[in-house]
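4 protein chains.
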Amino acid sequence: MTAQPVLSVGFVGLGVMGAPMAGHLVAAGHQVTGYDLHAEARNRLAEAGGRAAESVAEAVAGAQVVITMLPADPHVEQVVFGEGGVLDSAKPGTLLVDMSTVRPETSQKVATAAAERGVQALDAPVSGGEAGARQAALSIMVGGDEADFARAKPLFDVLGKTIVHVGPSGAGQVVKAANQLVVGGIYALVSEAIVLLEASGVDAKAGLDVLAGGLAANRVLDLKRESMVARQFQPGFRIDLHHKDMGIVLAAARQAEVALPMGGFVAQLVQAARSMGFGSLDHSALLKVVERFSGRDPHDEQTANSHA
Amino acid sequence: MTAQPVLSVGFVGLGVMGAPMAGHLVAAGHQVTGYDLHAEARNRLAEAGGRAAESVAEAVAGAQVVITMLPADPHVEQVVFGEGGVLDSAKPGTLLVDMSTVRPETSQKVATAAAERGVQALDAPVSGGEAGARQAALSIMVGGDEADFARAKPLFDVLGKTIVHVGPSGAGQVVKAANQLVVGGIYALVSEAIVLLEASGVDAKAGLDVLAGGLAANRVLDLKRESMVARQFQPGFRIDLHHKDMGIVLAAARQAEVALPMGGFVAQLVQAARSMGFGSLDHSALLKVVERFSGRDPHDEQTANSHA
Amino acid sequence: MTAQPVLSVGFVGLGVMGAPMAGHLVAAGHQVTGYDLHAEARNRLAEAGGRAAESVAEAVAGAQVVITMLPADPHVEQVVFGEGGVLDSAKPGTLLVDMSTVRPETSQKVATAAAERGVQALDAPVSGGEAGARQAALSIMVGGDEADFARAKPLFDVLGKTIVHVGPSGAGQVVKAANQLVVGGIYALVSEAIVLLEASGVDAKAGLDVLAGGLAANRVLDLKRESMVARQFQPGFRIDLHHKDMGIVLAAARQAEVALPMGGFVAQLVQAARSMGFGSLDHSALLKVVERFSGRDPHDEQTANSHA
Amino acid sequence: MTAQPVLSVGFVGLGVMGAPMAGHLVAAGHQVTGYDLHAEARNRLAEAGGRAAESVAEAVAGAQVVITMLPADPHVEQVVFGEGGVLDSAKPGTLLVDMSTVRPETSQKVATAAAERGVQALDAPVSGGEAGARQAALSIMVGGDEADFARAKPLFDVLGKTIVHVGPSGAGQVVKAANQLVVGGIYALVSEAIVLLEASGVDAKAGLDVLAGGLAANRVLDLKRESMVARQFQPGFRIDLHHKDMGIVLAAARQAEVALPMGGFVAQLVQAARSMGFGSLDHSALLKVVERFSGRDPHDEQTANSHA
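Protein chains in written order, with my numbering: chain A, 1 to 308; chain B, 1 to 308; chain C, 1 to 308; chain D, 1 to 308.
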């Protein structure tokens with residue numbers, strides 16, 4: 001294994017995902033200058049051996065690679081396009097790696113605007129959640145040019161385990177969207193299976209064990225069937241975040257001009273979960289929506305009484 | 001390991017599933033008397049070392065255990081309740097094991113009527129398909145009394161690998177229904193993922209590889225993603241059979257008085273596949289429905305032209 | 001207007017629909033012999049000037065036309081095919097008019113079996129509910145031969161206002177199914193409109209008034225928008241009955257080999273209403289399901305509290 | 001009837017809707033200065049007795065009321081917020097009436113920004129289409145302050161027949177969204193009814209006549225059932241426009257935090273219609289999607305052949 005070059009990295013967004021990621025880059029020997037709206041987050045990076053910047057511009061100024069890890073499309077647009085933002089501050093030749101989960105069209109807009117300034121851009125959303133970020137075990141789905149991917153690869157290797165270049169600009173976001181569609185849908189299906197089993201007087205645990213041994217097997221069943229049957233919904237990955245992601249799924253489908261009826265319905269289920277007040281529970285709490293909709297809500301005493 | 005007792009088994013229904021199952025029982029040393037409407041099927045059993053009966057009554061007459069493996073509810077009702085059928089012919093104390101996939105209420109009706117004649121009954125539908133039957137690797141989901149399950153267990157051990165007693169009469173059918181709901185739904189979700197990826201200009205194979213490495217992982221992705229992307233739909237398990245099974249899912253939900261919106265929609269997708277003429281393709285051909293509905297049908301030239 | 005011939009009519013099923021219908025036929029001068037399981041119902045017919053029979057056979061024996069008005073498929077099968085039933089008792093040349101709402105295939109089975117005995121059969125389900133039956137203002141959708149329709153027409157004219165021969169045997173049931181599909185779907189759509197308006201802080205009454213004046217106009221809006229906004233759900237037509245009818249819609253679609261995704265989902269909504277305990281409310285109570293699913297349930301205090 | 005005051009009106013957007021609307025205002029005696037990107041459209045207004053402006057700023061400069069009638073959200077944002085746009089040019093006290101169909105949050109953003117400049121704003125989307133615009137028979141749904149509504153009322157009276165103030169800023173858009181949800185859904189339901197009738201061998205025309213006489217009655221049935229059964233889909237209101245509107249429905253639901261499963265599915269059906277290449281057909285062409293999905297496509301010979 002050859003020694004990796006030390007890179008100067010500007011890192012914008014030091015939240016629950018960004019903070020451990022920036023920390024891993026520091027630990028790997030890279031020169032990381034980070035910025036976050038919260039001073040506390042900036043201080044933690046400094047304590048970890050990075051450098052705290054007082055503005056996006058300062059974080060970006062001398063960087064070879066700028067990584068952004070932000071909550072949603074408006075934040076990315078503000079940080080990239082805003083006054084004093086990345087494109088105002090980055091010198092030509094900088095590589096901008098947006099690891100936020102946003103709409104494919106936002107990634108494409110960023111890439112196009114960046115190119116006009118001589119800046120290269122990749123979209124590189126991740127899956128694996130907070131645990132994946134802390135353990136440097138993220139899956140990273142990358143859209144953009146092959147050469148830019150190669151340039152960012154040493155950094156990705158520090159942050160994740162599954163790292164795939166899936167296509168041109170925006171492609172990373174599309175794969176992430178497909179992932180969230182399938183994950184959300186499987187939660188809904190497993191929820192309907194649980195509701196059907198329980199309503200039929202069948203032991204759900206025993207029934208799901210059989211499912212997990214055949215063609216219905218899936219990772220959600222492996223990891224979550226016990227907690228779902230027990231109605232334990234501590235996150236994990238919150239409904240609110242999956243709600244945001246389903247918005248991206250629908251936007252991606254609209255942009256690609258395809259109808260996704262299952263996706264459309266899963267988006268409504270996740271919206272329902274949020275509307276019912278379950279936004280801060282784990283996304284496995286889709287079971288609560290399916291249960292309420294199915295007319296069964298045995299674990300919610302107040303509602304059960306209201307049926308009487 | 002103690003020697004298993006030799007049982008006299010009446011086996012009704014020697015089709016693509018029943019034939020290899022009866023063969024395994026013969027090979028394991030049991031005395032199997034089989035009946036099927038087709039003489040050819042009866043002859044094959046005789047060649048394999050079993051005994052061919054000329055009627056259901058003859059197959060059932062001296063049996064300790066009667067196994068039925070039939071296409072659908074009407075066949076089970078005919079064979080069990082019809083003149084000269086199982087209940088007309090079985091002596092008290094016989095154990096009737098229906099391994100067909102039917103509605104839970106059919107299984108319960110069989111069990112109730114059997115009890116009135118002093119016959120015990122189990123519902124024991126299987127998953128794993130023809131390959132599972134040939135390789136004696138079926139999953140067997142059993143509903144009925146514990147003692148009856150214990151009595152049939154030596155036979156199940158010959159036929160399958162995952163053998164679970166999941167609850168009272170009908171429970172086996174409910175678990176099978178839950179399984180088919182989840183399997184059908186995952187096919188639809190993976191199909192929508194493929195359509196979204198391809199319509200967005202992303203390499204579907206690379207994208208699905210990422211999905212298969214994270215929380216979206218499932219056995220359908222493992223086994224079928226390559227053939228689906230290549231549009232190869234040789235069965236496997238035919239759409240027509242999955243259509244029958246989705247009818248059972250909806251009937252089970254109706255009996256249990258629960259709403260299953262995902263299940264309801266998956267049933268329509270499978271119906272659509274059948275209506276479009278794909279009934280004899282593998283159930284992964286749900287992709288063709290999703291593709292046609294999404295407005296993309298790149299592999300069906302005639303339709304593509306009709307858009308022009 | 002020429003004098004109508006007096007017909008001898010056997011009438012089986014004197015419930016909330018059948019009783020007033022039989023009464024109208026008596027009042028129009030026909031000789032009506034009625035049977036119902038409940039003695040009280042039979043007595044009421046006698047008081048109204050009809051004749052009470054002690055069995056189906058007695059009601060059918062001398063009749064030129066037999067009308068059946070029964071709750072569901074199993075009752076029709078029992079009354080028509082059962083021992084001492086219509087086909088056992090009717091003399092050749094009798095016209096059997098089944099005005100029950102059942103599956104098209106049940107109507108076709110009745111017609112086929114009747115023909116084997118020299119009995120002609122029509123399926124003639126109605127819409128308009130109890131009010132329509134009492135006011136002799138039913139819509140009657142008739143399947144069967146043109147000549148048989150002509151023969152029954154004088155009786156239909158006594159019972160209804162819109163009387164249409166829509167096709168061969170079973171066609172009446174298909175049209176009734178299509179009607180219930182559209183009615184159920186419109187209730188769901190209007191419910192979603194109400195939920196969207198209210199959740200957005202818009203006066204639902206004013207908003208629906210606009211809808212009722214344009215292309216969205218429909219009879220449900222005309223008749224029910226005020227009671228729905230006020231959450232008044234006295235029947236009218238009960239959810240339990242619409243649930244039965246949606247089962248017929250799905251069975252009709254399955255028989256015709258067509259996928260009906262909207263119909264499939266409406267069936268789940270109606271099932272949900274029933275599962276939630278709203279079975280005896282008016283079908284406009286679909287609003288309660290949509291509201292609960294949408295995460296808004298302002299009129300159900302206990303549930304509202306459970307969100308807190 | 002008292003004489004209405006003559007108002008000076010700036011009118012931006014003189015397309016198929018705006019042109020006849022501006023013409024009606026001119027004919028009613030108002031002083032209309034209009035702007036459109038296309039010179040031809042400006043010239044037609046001048047020929048009709050209005051005044052053609054060379055820019056938004058010029059149209060807005062001296063106006064008491066500014067009306068905008070634009071295709072979609074980005075156009076409204078550009079015309080209102082852009083350099084030289086309405087808010088740059090309007091003097092305090094101007095009333096801005098946006099009659100475009102856009103997201104409720106866009107209307108609210110416009111109203112908020114306008115208020116900061118001392119400009120009042122109403123959202124006043126319409127239904128009734130080109131025919132309604134030409135015949136001055138639009139339905140106008142108005143959101144905003146009561147006093148501002150009163151001020152604009154004389155202009156609305158010139159343009160429409162049903163004019164309702166439905167609530168605060170954005171409320172007009174929400175009612176328009178609810179309208180399009182119900183209209184789209186009814187088209188889908190009527191389509192499924194047609195498909196079920198035809199697939200069952202029932203004369204669709206006769207069947208729909210019955211539906212149109214009962215609780216299923218609706219204006220779509222009244223106006224479109226003959227053309228739908230005949231597969232005539234000349235617009236009318238184009239699928240592409242309904243697709244845009246379903247996007248607004250979903251955005252409005254998301255903003256209001258409600259789940260709308262029927263709405264979500266109708267949006268996918270409309271997307272499918274567009275993806276299949278039917279974007280420029282009338283929205284009654286949803287029937288083509290339902291037909292294709294149902295597996296029946298008798299009027300599309302090429303697809304029919306491809307099933308063979």
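Hints in this document: simulated from the structure, not taken from any laboratory.
Treat the hints with care, since some could be wrong.
Note: identical chains are not told apart, hence a pair may lie in one copy or across any two.
What the hints assert, rightly or not - The list that follows gives simulated cross-link-like pairs (lysine to aspartate or glutamate, EDC-like), each with its CA atoms no further than 20 Å apart:
1. Lys-91 with Glu-226
2. Lys-153 with Glu-226
3. Lys-109 with Glu-146
4. Lys-91 with Asp-157
5. Lys-205 with Glu-130
6. Lys-244 with Asp-88
7. Lys-153 with Asp-209
8. Lys-91 with Glu-198
9. Lys-244 with Glu-226
10. Lys-109 with Glu-226
11. Lys-109 with Asp-88
12. Lys-109 with Glu-77
13. Lys-161 with Asp-240
14. Lys-109 with Glu-54
15. Lys-244 with Glu-105
Tested hints:
1. Lys-91 with Glu-226: neither (52 Å within a copy, 43 Å between copies)
2. Lys-153 with Glu-226: Classified as neither: same-chain Cα gap 37 Å, cross-chain 27 Å, threshold 20 Å.
3. Lys-109 with Glu-146: Classified as within: same-chain Cα gap 19 Å, cross-chain 41 Å, threshold 20 Å.
4. Lys-91 with Asp-157: neither (25 Å within a copy, 58 Å between copies)
5. Lys-205 with Glu-130: neither (28 Å within a copy, 27 Å between copies)
6. Lys-244 with Asp-88: neither (28 Å within a copy, 34 Å between copies)
7. Lys-153 with Asp-209: Between copies only: 18 Å across, 40 Å inside.
8. Lys-91 with Glu-198: Close neither inside one copy (61 Å) nor across copies (35 Å); limit 20 Å.
9. Lys-244 with Glu-226: Neither. Shortest intra-copy (26 Å) and inter-copy (30 Å) distances fail the 20 Å Cα cut-off.
10. Lys-109 with Glu-226: neither (43 Å within a copy, 32 Å between copies)
11. Lys-109 with Asp-88: within (15 Å within a copy, 27 Å between copies)
12. Lys-109 with Glu-77: Answer is both; intra-copy 9 Å and inter-copy 18 Å each pass.
13. Lys-161 with Asp-240: Close neither inside one copy (26 Å) nor across copies (41 Å); limit 20 Å.
14. Lys-109 with Glu-54: Answer is neither; intra-copy 27 Å and inter-copy 31 Å both fail.
15. Lys-244 with Glu-105: Cα proximity of Lys-244 and Glu-105: in one copy and across copies (15 Å, 17 Å).
Hint check: violations occur at hints 1, 2, 4, 5, 6, 8, 9, 10, 13, 14; the rest are consistent with the structure.
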